[in-house]
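Peer 1: Sequence:
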Amino acid sequence: MLRATLVLRNSNLKKHTADITAKAVSRADLDTPAAKPTATAAPEESMMPWNGWFSSFLKDKLGDEKYEKMRELILYRPNDYTGFEQMPRPNTKLSISDKDPNLMHKFRQPSPGSQPPVELRETDASFGN
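Letter by letter, the sequence shown follows residues 2 to 130 in my numbering.
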């Protein structure tokens, strides 16, 4: 332990942390193009690449047909659209028409941030004011 602290104390850690500083942004800078967020949608790739590694491994080893048979035998409702998660993921799409397969309902569409603000009234109409 003592040796590690000596190594850390003598390292160039202080020099490297001095180069990384937080930048304060004034209210005047908020309207500039550099301050505006560039993301317009959530990323499509998974933030958890390890999610589903075992099923991918089995699909590679067994083949698609055998894997689907085994999946339907073992899992309860294997094609459930939520995957038994309590809250659907933001990119969840549900087909709402049997005739038109392109007609989809997306979860949280429109998103709560794009809704107009709530109108709070000063008086209540039910009291005759």
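Keep in mind the hints are simulated off the structure, nothing from the lab. There could be a bad hint or two in this list.
Here are the simulated DSSO-like cross-link-like pairs (lysine-lysine), alpha carbons at most 30 Å apart as the crow flies [as the list claims (entries may be wrong)]:
#1 Lys107 <-> Lys60
#2 Lys60 <-> Lys94
#3 Lys94 <-> Lys70
#4 Lys62 <-> Lys100
#5 Lys94 <-> Lys107
Label-pair distances were calculated between CB atoms; the ranges are [what the hints assert, rightly or not]:
#6 Met88 <-> Val119: 18 to 28 Å
#7 Ala126 <-> Ser98: 35 to 45 Å
#8 Asn103 <-> Asp81: 20 to 30 Å
All C-beta atoms, glycine included, are put in the ideal place defined by N, C-alpha and C.
Peer 1: Against each hint, give a clear statement of whether it holds in the structure.
Peer 2: Here's how the hints hold up against the structure:
1. Our distance criterion of 30 Å between C-alpha atoms is met by Lys107 and Lys60, whose separation comes to about 28 Å.
2. Restraint check: the Cα-Cα separation between Lys60 and Lys94 comes to about 24 Å, which is no more than 30 Å; the hinted pair holds.
3. Taking the CA atoms of Lys94 and Lys70, the gap is near 25 Å; set against the 30 Å cutoff, the hint holds.
4. Between Lys62 and Lys100 the alpha-carbon distance is near 37 Å, which puts this suggested pair outside the 30 Å criterion.
5. Distance restraint check for Lys94 and Lys107: the Cα-Cα separation of roughly 4 Å lies within the 30 Å cut-off, and the hinted pair is therefore satisfied.
6. Checked against the hint of 18 to 28 Å, the pair Met88 and Val119 passes, with Cβ atoms roughly 23 Å apart.
7. The supplied range of 35 to 45 Å is met by Ala126 and Ser98, whose beta-carbon atoms lie about 39 Å from each other.
8. Hint check: Asn103 to Asp81, Cβ distance near 22 Å, so the stated range 20 to 30 Å holds.
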